[in-house]
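Asks: This is what each chain is made of:
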Amino acid sequence: MIRDTSLRSKLWITAVWALVGFFILNLFAMIASVVTSSFATRWLGTWFPAGWTARWYSSAWSEFQLGDVLLVTFEVVGAVVVISGLLGVTAAYALARREFTGKKIIMLVILLPLIVPPITFGIPLATVLYQTGLAGTFWGVVAANLVPTVPFVILVMIPFIEQIDPRIEAAARVFGANTFKLFAHVLMPLLLPGILAALLLVLVRTIAMFELTFLVAGPTSQTLVVALYYAVFAAGVRAVQSIDAMAVVYMVTTLIWLIVALRFVNPTQIVTRAKQQPAH
Amino acid sequence: MTMTVSAEKHHVESGPSLRQRLAAQGFDAVTLLVIPSFVLLALLFIYPFAYGLVLSFEPKAGSAWSNYVRFFTDPYFYSTIWKTLLLSVPVTVLNLVFSLPVAFRVRLLYRQRLLTTILVIPITLGTVLIAEGLLNYLGPQGWFNRALLAIGLIDHPLRLVHNYWGVFASLVINGFPFTFLLVLSYVTGIDPALEQAAATLGASARQRFTHVYLPILMPGLAITFCLSFVQAFSVFPSAVLLGEPAGETRVMSIAAYQAAFEEYDYSLASAIAMIMGFVQLAIVIGMMASRGLFYRGPATGAKG
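Those protein sequences? They're chains A and B, same order as listed. By the count of our numbering, the first sequence reaches residue 282 at its end, each step adding exactly one. By the count of our numbering, the second sequence reaches residue 933 at its end, each step adding exactly one.
Just to be clear, a hint being listed does not mean it is correct.
As the list claims (entries may be wrong) - One-sided excerpt, in silico: chain A residues whose CB lies under 10 angstroms from chain B: (1) F41; (2) T43; (3) I112; (4) L131; (5) Y132; (6) V149; (7) V155; (8) I156; (9) P161; (10) Q165; (11) I166; (12) D167; (13) I170; (14) A186; (15) M211; (16) W259.
Stated by the list, open to error - Footprint (simulated), chain B over chain A, 3 or more residues, beta carbon under 8 angstroms: (17) 64-76; (18) 188-201; (19) 218-227.
Keep in mind that the hints were calculated from the coordinates and are not lab data. Just so you know, even glycine gets a beta-carbon here, dropped at the ideal spot from N, CA and C.
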């Protein structure tokens, strides 16, 4: 490592860290203000609320039917995780192991839903789903959410499968394993860490996926993040603290899974399919 | 496999079988596994796009092009392009410019994980929660204004929500971590030996950056710019909740949403979505094309 010890470079380094500190400070202060407000009895024109209470949680729970919303959220997320896992892993296996004509076109079709933002393809998608009658239903929401998650699983899994030596599979074949045995006893154990990581990321992304769910969800198929949007949108109808309590419920739901996911993946993978960087 | 062997025996006189010819092209039972995913994406991504494109040329009234004519002649519509660009371009540039020096410091850290974990939080929480939180935090009675008043930087609270700056702040909070983590992955991918060699030859920190790092990083930065820009360009929830959705921050996605779900004019909505997609695609293709102008080659070193 090159060390530059001049005064100017020290000032520069200080400025860079001050910038990072300022960003993180604001981020945490923002989150803290939501949490504080959700426990406040009355909070107007002071640094801290007049008193503390937990009653907003019970009122938010009944006002926004959070029980139902959470149930729908987990059903949608569960279905999306299972289906995108099944479709994504099998497709990734084919794409990692075979070279065939037209592969580039298929890769482009897989890449596009990740590059094109959800609101852009969500509007034509919602139009089609409304005409087929799927929009507003549970399966409509699941279908819309699969569009970015299946490509995501494929892209995470391809390098993972590529690193498994095909000779291991050939050896299993030689010793008489059929396709099912090969899959259950050879491939699955080797692929499990990758599949787990990919599916946890899908889970976190789907809980937070607003645009697609918002465009196709009906009153009974709303997920938590969409319900939160409507609550903030209609602010003034209900107490601010009640909406903040709901926001805290949402944060806790998301962050629990984020913490679980981070035990298995590198944080940068949430943003990009990062190659394993050399440690230095 | 056994199937292929028996087929081989069968057709040994009549030349390669269809199965064999397909296998030579890379098509066999394993390749077929790609079909379910491809069909799903064809039905839920390609078909809606094609359908939307066709629908945008079938307006409720007027000729085929009338949706597009209406968009580009009515200031209520065409001003949204300008408003969206006015938000997304400065935010993307700002995020990129701040990400670079930070990434260059963080790359030297041995324990990057804590910082990257903290920065993943806003991405995970998503735009709706950030908008909700900022309404509180940046509001006239929020902690941000209170702190500025207490320090004495301002005399009366700044107006930071329900206008341009609210949306701007939310795009920075969501976008900076995203941009930074992408830039970091490119910066750490460069072999430090390159910089050490430059330093040995007497290059100053500035020279090492402009003559060694920047040319290598350019293609990566172009991709980062594209992805960050496309995200900022499609801003929706925070523009509604934190901005002024009828005025300053009436971005394209709001116009498309209103056409579809408030006026039930799916044809017009599709046309707006197509224009959005086209603008994004134009930027991405332009950036990708310009990659050819920059250095492309190995930079990760032998141990990478």
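Asks: Decide, hint by hint, whether the structure agrees.
Replies: Taking the hints in turn, this is what the structure says about them:
This hint is violated: A/F41 has a C-beta 13 angstroms from the nearest C-beta of chain B, more than the 10 angstroms allowed. Checking A/T43 against chain B by beta carbon gives a least distance of about 16 angstroms; that is not within 10 angstroms, so the hint is violated. Given hint, A/I112 at the interface with chain B, holds; its Cβ is 7 angstroms from that chain's nearest Cβ, closer than 10 angstroms. This hint holds: A/L131 has a C-beta 8 angstroms from the nearest C-beta of chain B, less than the 10 angstroms allowed.
A hinted interface residue such as A/Y132 counts as satisfied when its beta carbon comes closer than 10 angstroms to some beta carbon of chain B; here the least separation is about 8 angstroms, so the hint holds. Annotation: interface hint on A/V149 holds; nearest CB of chain B at approximately 5 angstroms, less than 10 angstroms. Using the Cβ-Cβ criterion of 10 angstroms, the hint placing A/V155 at the interface with chain B is satisfied: the shortest such distance is roughly 9 angstroms. A cut of 10 angstroms between beta carbons decides the hint on A/I156: the least distance to chain B is about 7 angstroms, and the hint holds.
Annotation: interface hint on A/P161 violated; nearest CB of chain B at approximately 14 angstroms, more than 10 angstroms. For A/Q165, the shortest C-beta to C-beta distance to chain B is roughly 15 angstroms, which exceeds 10 angstroms, and the interface hint is violated. Look at A/I166: its Cβ only gets to about 14 angstroms from chain B, farther than 10 angstroms, so that hint breaks. Proximity of A/D167 to chain B is violated relative to the hint, the smallest CB-CB distance being about 16 angstroms (cut-off 10 angstroms).
Given hint, A/I170 at the interface with chain B, is violated; its Cβ is 15 angstroms from that chain's nearest Cβ, farther than 10 angstroms. With 10 angstroms as the threshold, the beta carbon of A/A186 stays out of range of chain B, its nearest partner Cβ sitting at about 16 angstroms, so the hint is violated. With its C-beta approaching chain B no nearer than about 8 angstroms, A/M211 sits inside the 10 angstroms limit, and its interface hint holds. Residue-level restraint check for A/W259 holds (minimum Cβ-Cβ distance to chain B is 9 angstroms; threshold 10 angstroms).
With a cut-off of 8 angstroms between beta carbons, the region 64-76 of chain A has 0 residues touching chain B; three or more are needed, and the interface restraint is violated. Counting residues of the region 188-201 of chain A whose C-beta lies closer than 8 angstroms to any C-beta of chain B gives 0; at least three are required, and the coverage claim is violated. Counting residues of the region 218-227 of chain A whose beta carbon lies closer than 8 angstroms to any beta carbon of chain B gives 1, which falls below the threshold of three, so the coverage claim is violated.
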